[in-house]
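A.B. asks: Given chain A, put chain B in place with the hints provided.
Here the protein sequences line up with chains A and B, keeping their order. Numbering of the first sequence is given in the working numbering, commencing with residue 15 and proceeding in unit increments. Numbering of the second sequence is given in the working numbering, commencing with residue 50 and proceeding in unit increments.
Honestly, the hints are just simulated from the structure, not real lab data. A hint or two may mislead.
Stretches of chain A that chain B covers, calculated by requiring three or more beta carbons in the stretch to come under 8 angstroms of a beta carbon on chain B [to be verified]: (1) 93 to 101; (2) 122 to 136.
Computed beta-carbon distance windows for the label pairs [to be verified]: (3) B:PHE348 x A:GLY179: 51 to 57 angstroms; (4) B:PRO175 x A:ILE227: 43 to 49 angstroms; (5) B:THR197 x A:ASN174: 29 to 35 angstroms; (6) A:VAL112 x B:VAL522: 36 to 42 angstroms.
For clarity, every value in this text was computed on a predicted model and none was experimentally measured. Cβ coordinates follow ideal geometry from the N, Cα and C atoms, glycine included.
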Amino acid sequence: MATSRIAHGGGIALGAALSLAWSVGAHADLTLNMPQGVTAISHDVYHLHMLIFWICVVIGVVVFGVMFWSIYHHRKSRGAVPAQFHESTLVEVLWTIVPMMILIGMAVPATGTLVRMYDARDAELTIKVTGYQWRWQYDYLDDGVKFFSTLSTPQAQIRNLAPKGEHYLLEVDHPLVLPVGKKVRILTTAADVIHSWWVPELGWKKDAIPGFINEVWTQIEKPGIYRGQCAELCGRDHGFMPIVVKALPEAEFRQWLEQMKKDSTSQTAQNDSRAPIVPGGQTL
Amino acid sequence: MSTASHTTDHATDHDHDHGPARGLSRWLLTTNHKDIGTLYLLFSLLMFFIGGAMALVIRAELFQPGLQIVDPYFFNQMTTLHALVMIFGAVMPAFVGLANWLLPMMVGAPDMALPRMNNWSFWIMPFAFTLLLSTLFMPGGGPAGGWTLYPPLVLQTGSAFPFVILAIHMMGASSIMGAINIIATILNLRAPGMTLMKMPLFVWTWLITAFLLIAVMPVLAGTVTMLLTDKFFGTSFFSAAGGGDPVMFQHIFWFFGHPEVYIMILPAFGVISQIIPTFARKPLFGYASMVYATASIAFLSFIVWAHHMFTVGMPLAGELFFMYATMLIAVPTGVKVFNWVSTMWRGAMTFETPMLFAIAFVILFTIGGFSGLMLAIAPADFQYQDTYFVVAHFHYVLVPGAVFSIMAAAYYWLPKWTGHMYNEKLGKLHFWLSVIGVNVLFFPQHFLGLAGMPRRIPDYALQFTEFNMVSTVGAFLFGFSQLFFLYNVIQTIRGGAKATDQVWEGAEGLEWTLSSPPPYHTFTTAPEIK
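Next comes chain A alone, as it looks inside the complex (with noise of 0.2 angstroms):
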């Protein structure tokens, strides 16, 4: 009877939390949640992610529900006595073993995930990626392709001259092109600050570490256009480094490709053509 009470109470708690957070949502058009992602590991991360969240919520509404109970029932004001019991071995083993046991319950999952994130092995193109600060280049190891990607938001919508874009401080002049359905190893790593590779709909971020590489791999399965920021602190400017993934299906990527590796012979040739500055500033 208590219990179906606190149960009862608990869940109209939370429904009303729910349903004001879903209106709000819904009329702000606000994301309340980790994005599902564009890949397999995304996906696993995000039900990973929405696994331990409802058994926090389940804890939290036994809990906490136990404890409004008590506030409502056990106050001096209603004629409460005390009980002096303070202690039971039985209840502290219990509710050391349940939380164990429901603690297994998610490092099985997580283990899992975590297994197929690190497994990096047969990939089919491999991307550089180097942390400047503060923008990023991306190097096409096997294509000789490299380029940089800055923010291409103007100053003026950043000092409040202009009006703002839709993709404010979420985009580039060069996006990373990457192929659909096709298993690509990035390998991050900085140029002079540790910077943080992050596109939430790929599932995870990685350190970009001066002097040290990491591997990580990702496969998208839908084409599309996807943007991050870098997340690790790197300086003054390290809210405006942004990344944007745009994923194409493998005919128009290796079509960019193509022209990529074309345009960058002629760019070379162009760049070579106006250098080099002396230092004091003479073009020659």
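C.D. replies: The following block gives chain B in isolation, referenced to the frame of chain A:
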């Protein structure tokens, strides 16, 4: 003379004989645990307002997208200094202040074991923080690489760099001395008959915290010294170009840093374990298991540090070890929460301000614990790491956690310390504004983090606007509510209704057998413990 006669009259006589010196020298030269406790607490309150002002600069800038108020580099200085000031200047000294005031009174000792060192460990602090805050006015500004001081970024700090390191050394020295003093007091000055397992839980949690401090503050000192030599003496501990490793800094830092978070929460557990039984009028449930849980948490705190660095690219085995070890912390922490709830169960509760803060602590700290459990899951942490979800998590455990416990302690023992009751209505107003403010401030940050907002950025994409606005409103509400606390404390020190010796109907323990306020020197003769 003699005997700890606990009546007010005798106490006054006592004061007359060995009372405090007059004027400034009382505070500068004092070796009295109560005076030093007061100094620590007032210093902590000052730092709480300074650190809070910095937080409001941060939240004001984040009210809207775009850069409105401060330059991004100054923004980074604010996030860095806010953390350093709040951790080392507000929370830690507040608990040391509570320890100074309460430990001798709780264990039946005349004073702290090492009174002169006690004076020194306090008076280092104002110098350390003057030095730290003065870096804001140095060429290149204050430290802006985050309080975690990660190289290579921190090595880009301007002239402030060596001063920041020196300030951290001074804070560390102060903490270590404070910890030594606390251990010496607890282990040597207990009244006859007060066995370890009869000590109040606040004493227990501080004993364990003091060992944590002694274990890890030297590690912090060591690693910041390595930063110093990397910068000025040509070493390459943390530079890959010279054969070092920037990630090694993170390992050493977090070997200090994780026990550090328990240094800030274990004494809070102690405070809450004193307050809930008083207002439930029922003994603490599971005293022994509380002690063992505290000790287990302290032990585990040494083997979980790398969960702060799941994304640095550790080997799979390392990730798994730190994930499992971190999840284990939920067990002893859960035991504590269950014990508190069981203490309330079938009690006869009243809800004065200290109890309100204690209950809010249990609920909101547990919410912080839940998000902590989520963060322990390494694959999910790859999403959460370095986002506002983390910011929400550690502020839930630090603000409605540690800070609320300090507020609860202040209201709970203030009548004992000053001899006056505080204004209960104002206390409750302060509580309700704080608890609403803190949730409006930090709860939306969970959503921001999950939706993809990184931490430590001065400007953000448009989809984060609404929750940032809400959060900023909460920040100002919470921040300005603390002025009620300040006012209430000042008024209570200056006067107010006379407090009885026991103060609270259900209060038990040696400190409540003393007069309110207690005599300047307490327990010159040890009390009898049954």
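A.B. asks: If a hint holds in the structure, say so; if it does not, say that too.
C.D. replies: Hint by hint, here is what the structure shows:
With a threshold of 8 angstroms between beta carbons, the proposed coverage of the stretch 93 to 101 of chain A by chain B holds, since 8 of its residues qualify and at least three are required. Judged by the Cβ-Cβ criterion of 8 angstroms, the stretch 122 to 136 of chain A is covered by chain B as claimed, because 7 of its residues qualify and three suffice. Distance hint check for B:PHE348 and A:GLY179: the Cβ-Cβ separation is about 53 angstroms, which falls inside the suggested range of 51 to 57 angstroms. The hinted window of 43 to 49 angstroms between B:PRO175 and A:ILE227 holds, with their beta carbons roughly 46 angstroms apart.
The beta-carbon spacing between B:THR197 and A:ASN174, approximately 31 angstroms, falls within the hinted interval of 29 to 35 angstroms. With their beta carbons about 40 angstroms apart, A:VAL112 and B:VAL522 fall inside the hinted range of 36 to 42 angstroms.
Violated hints: none; the structure is consistent with every hint.
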